[in-house]
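Protein chains in written order, with the numbering used here: chain V, 1 to 360; chain H, 361 to 667; chain X, 668 to 1034.
Certain hints may be false.
Listed next, with one range per pair, are the computed distances between beta-carbon atoms [to be verified]: (1) V/A335 to H/G486: 43 to 49 Å; (2) V/K28 to X/A882: 44 to 50 Å; (3) X/I735 to V/K122: 30 to 36 Å; (4) X/M697 to H/P477: 44 to 50 Å; (5) H/H418 to V/G336: 54 to 60 Å; (6) H/T649 to X/V889: 53 to 59 Å; (7) V/L231 to X/A704: 25 to 31 Å.
BS3-like, lysine-lysine: derived pairs with alpha carbons at most 27 Å apart [stated by the list, open to error]: (8) V/K30 to V/K58; (9) V/K303 to V/K248; (10) V/K244 to V/K186; (11) H/K481 to V/K248; (12) H/K519 to V/K244; (13) V/K150 to V/K210; (14) V/K67 to H/K469; (15) V/K275 to V/K122; (16) V/K122 to V/K150; (17) H/K481 to V/K210; (18) H/K481 to V/K30; (19) V/K303 to V/K284; (20) V/K360 to V/K332; (21) V/K332 to V/K316; (22) V/K303 to V/K152; (23) V/K260 to V/K122; (24) V/K244 to H/K469; (25) V/K360 to V/K58.
No lab work stands behind these hints: they were computed from the structure. All residues carry an ideal CB built from backbone N, CA and C; glycine is no exception.
One-letter residues, chain by chain:
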Amino acid sequence: MTITQRFLAIAFALAIAMLGAGSASAQKAKIGVIYPSPIGELGWAHELDVGRQAIADKLGDKVEFLKAENIPEGPDAQRIMNQMASENPKLIILGSFGYMNDGLRLAATRPEIDFIHASGYKTTQNFGWFLARNYESAYVAGLAAGYVTKSKILGVVAAYPIPEVLAMINGLTLGAQKVNPDVTVKVVWLNSWFDPNKSQEAARSLVAQKADVLYSLYQDTPEVVSLAEQLGVYVISTSSDMSKHAPKWYLAGPHVNWSKFFVASAEAAIAGTFKGEGYWGGMKDGCVSVVAISHDLKPDQRKVVDDAIAAITAGKFHPMTGPITSQDGELKLKAGEVMADPPLLGINWLVKGVETRIPK
Amino acid sequence: MMDTLMFIVLGTLGATTPLLFAALGELVAERSGVLNLSIEGMMATGAAVGFAVTTLTHSYGLGFLAGALAAGALSLAFGVLVLVCLANQVAAGLAIGLLGLGVSALVGKPFEGNTVPPLPKLNVLGLTDVPIIGPILFGQDILVYAGVALLAILAWIFKRTRLGLIIRAVGEAPTVARDVGYPVIGIRFGCVAFGGLLAGIGGTYLSTAYTALWTEGLVAGRGWIAVALVVFGSWIPLRIAIGAYVFGALSLLELSIQALGLDVPSQFLSALPYVTTIVVLAVISRDATYLRLNRPVALGKVFRSDG
Amino acid sequence: MREGLLNLPRLKLELRTDRSRFAVVGVSLMAVIASFAVGMILLAILGRSPMRVANAFFIQPFTSLYGIGEILLKTGPLLLVAQGLAVGYRANVWNIGAEGQLIVGAIAAGVLALYFDSSNSIFLLPAMIIVGALAGAAWAAIAAFLRVRWNANEILTTFMLSSVALQLLYYLVTGPLRDPHGQNFPQSALFSDAALFGTLIPGARANTSLLLGLAATLICYVFMQHSIHGFRLIVSGLAPRAARYAGFGEARAVWIGLIAGGVCAGIAGVGEVAGPIGMLQRVLSPGYGFAAIIVAFLGGLHPIGIVFAAVLMALLYVGGDFALVSASVPNAFATIFQSQLLVFYLAGALLAVYRVRLIWRSGQVPT
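Take the sequences, apply the hints, and build the full model.
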């Protein structure tokens, strides 16, 4: 044999081997999950994965997963989504707001695949959204913040000015103002879900402006939390308990849990009973909670916080209860009036006391 | 207002240090005639490896060492490509740079989401309590002072020592240097490796001191700014350091402007370092004669050891 | 000459007299095989099954219409941009800013599409292409001007301009061009149908970008191989002083070299926003501008070689996605693979042009 012939023979053999090696297993239902940031040990993506794990725990051998983490919104997400769809899954979980347009387009061409989309607001026959009432946990954290702040300035490092985030800022502000009426809030908009460089710079600039409580709003990694520990200011995170990165200065940990919802969606998708609708889980359904509340709160302060949690969980108290005035001075909710879900879902204003405006 | 200013000045030295190390490293390489465009990748590799080792061993010293060696290894690969395989230096730099970015992402993956306590700040001579200048001059971390020392040493080497002369000879007239008996390839290898070590230290500083975590995109273009700084500084160490300081300050400008409440779009401020680089580059290069006088003559040209 | 301390043999390079096209192709093949081998070893170290990953990377993409469509979809912009870049590289004009030129082209086309969002005209798409090409050319022209007039190194200026273009995009989609009904998310409204490319093959996503890329290949082939202008450019690259003596201006080479890249990148940008993306958003390109640089070199800076290199790079992108989703291989691996390809190619390129000989100290030359 000449060298060329030998080479070709080897290549041919390799190709055959590879063809065989990767054949997929049949019969298991596939579920795809796309995460906007690394799963890691905590953060938004991690909590999505906890939900996914719940599906695995419940349905065991009946499912297998297609996972793609750290996928930014845009052409990468589009490719990955299409990629997953080509494997004919039953359900695809889109873990970020920015996947919406690509997801909708894909859902329209693949009616046999069901989709659930995080932080969205559009539904079709096979496309639903899920959202957490984080404004509830933000309110509770705001109570704590109002108690501990000395400068009466809270700083928020916020991802995007989407309604969900605005509602959370409002929740924080209202909670703080309940126990400390002169509190003001400053916001820095990162325009990214995952930019540790910038988020730290934003945190530093807020501290330079005298904020002594920071709210790391939708930073998936704990860089703002650990920076707060360094700088000696209180800090609240989103999605997960990040207290181990700020043992002394961690104030409260709003926490989100998708297990119940994900399992229900997976079962519906597999059984064929899936309907594209919106899910807005709160403390009442166990989707939202507040953990790791700081021991720096005095007992009577702690009681107020615990009472608020109990009231919201029982459905007796809604943080967006009037009288509430917006930044522009407009009275948005009359005394005793509770904000209904539809306008809250698309909220586009910030309450009085938030000094930063929504970017135009 | 004063607080904001203080905070800017204090932060600048931290932002400057990685740029300074990387740029000075590139200076040495370029002085010997090699244009190394892979700094971004080398810094990223240094950052990831340094962060990983620091997290695992809880030792900053080991972390910095590991980061430097990792970047150094990458620079040796670059050296082989351009000095032995005589590859085009631009293409080789881009290839190794991309490789460095990929390796850093792979190495750093298990450590994403961790933080380490940042490199502790010193209290030199106990003088940090002096108002205003105390924290600035005496309360920085050890690498800031190391950077200043490095600057002084390199300036002295190039101006006054035989080693500096030899390196410069290799970069200006390699054929002559070879004929006189100096191992041109060997010296270039050494300079490129040294540049790699420094880039690795700069990168590790980013992940263990400045931002104190690892993520893809941590280096954020600083490697390229370092290459530009060498041109700005006309291949003179002190000028490069000044350029590095100006850039460190510029990158902090963005949040200071926000802090001052001025309504400038943040993207404009983010673009400012790059626009400034272009403008300064153009201005410095305008005088072609000046450029030619300062630039190592053989920079970027392939050198064949058998002439 | 001073005797060294170590009596190491020296390498002597001899120009090959039997240089053939086959040698160049051979180097590319060697690079592929070498990267492949190293990749498999790396995977084994990482604890992943090399065969499964190789299957995901190289076989799976070809087993479905979807996969083939994706490869074609990716090949389009890579081919287009690489052809433009290669024109400059052959003339020693180093355009590293194709990513930024792509973005600017996309922005220009996007502005047009958004402004005429209620139009049904068949002229909208061609207008978008022209505007995109001009914008990309203009962005590259900045660097050309700075180099020709003020000697500013174009490697640095094009790269910096790339970063500036990105910030410009961020600014526009966060502010002036933001969709008023988009819940404050930084992206523009979706383009109307008149501003979108259709797909070439039903069921697959490949679109007109590919045709444009092939057109560019043809143009570059004719230009480089058969026209006097192409010849001038090549000579300017190989021997600038001789070129100047013969009257081929270096300035001209810089302008043509940079603008060719800018035009191609700009059109590729239009292909992205009028194609799979359909709007302006923060992330428009998964690094095509930089990947195209690798494609240009891997193709030996030759128009036909670049076609093969573009398909290979597209395969790596798509294979990387398959590997990510079905074998959990991190994306970084695809980056490593891509850069390894170029590294091995550069390492081996020497062998296509020179024969390497070992010379022992005693002066004997083993044959």
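Checked hints:
1. The hinted range of 43 to 49 Å is not satisfied by V/A335 and H/G486, whose Cβ atoms lie roughly 59 Å apart.
2. Taking 44 to 50 Å as the suggested C-beta distance range, the pair V/K28 and X/A882 conforms, at roughly 46 Å.
3. The hinted window of 30 to 36 Å between X/I735 and V/K122 holds, with their beta carbons roughly 31 Å apart.
4. A hinted range of 44 to 50 Å for the beta carbons of X/M697 and H/P477 is consistent with their spacing of about 48 Å.
5. Here the CB-CB span from H/H418 to V/G336 is close to 56 Å, well matched to the stated 54 to 60 Å.
6. In this structure the hint that H/T649 and X/V889 lie 53 to 59 Å apart at CB is violated, the actual value being about 40 Å.
7. Distance hint check for V/L231 and X/A704: the Cβ-Cβ separation is about 50 Å, which falls outside the suggested range of 25 to 31 Å.
8. For the suggested pair V/K30 and V/K58, the alpha carbons sit about 14 Å apart, so the restraint of at most 27 Å is met.
9. Between the alpha carbons of V/K303 and V/K248 the distance comes to roughly 21 Å, so the proposed pair stays at or under 27 Å and holds.
10. For a cut-off of 27 Å, the pair hint linking V/K244 to V/K186 stands: about 26 Å separates their Cα positions.
11. This hinted pair checks out: H/K481 and V/K248 have alpha carbons roughly 20 Å apart, not beyond 27 Å.
12. Taking the CA atoms of H/K519 and V/K244, the gap is near 51 Å; set against the 27 Å cutoff, the hint is violated.
13. For the hint linking V/K150 to V/K210, the alpha-carbon distance of about 10 Å falls within 27 Å, and the restraint holds.
14. A C-alpha spacing of about 15 Å is found between V/K67 and H/K469, which places the hinted pair at or below 27 Å, so the restraint holds.
15. For the suggested pair V/K275 and V/K122, the alpha carbons sit about 13 Å apart, so the restraint of at most 27 Å is met.
16. Distance hint between V/K122 and V/K150 is unfulfilled; the C-alpha atoms sit about 42 Å from each other, more than 27 Å.
17. Between H/K481 and V/K210, the direct Cα distance comes to roughly 22 Å. Compliance with the 27 Å bound is thereby established for this hinted pair.
18. Pair hint H/K481 plus V/K30 does not hold up; C-alpha atoms about 51 Å apart against a cutoff of 27 Å.
19. Restraint check: the Cα-Cα separation between V/K303 and V/K284 comes to about 19 Å, which is no more than 27 Å; the hinted pair holds.
20. A C-alpha spacing of about 20 Å is found between V/K360 and V/K332, which places the hinted pair at or below 27 Å, so the restraint holds.
21. Proposed proximity of V/K332 and V/K316 is supported: the alpha carbons are some 21 Å apart, at most 27 Å.
22. Annotation: proposed proximity of V/K303 to V/K152 holds, straight-line Cα distance about 21 Å (limit 27 Å).
23. At most 27 Å may separate the alpha-carbon atoms for a hinted pair to count; V/K260 and V/K122 meet this at roughly 21 Å.
24. The straight-line distance between the Cα atoms of V/K244 and H/K469 is roughly 20 Å, inside the 27 Å bound, and the hint therefore holds.
25. Using a Cα cut-off of 27 Å, the hinted pair V/K360 and V/K58 is violated, with the two alpha carbons roughly 45 Å apart.
The structure does not agree with the numbered hints 1, 6, 7, 12, 16, 18, 25 stated previously, though it agrees with the rest.
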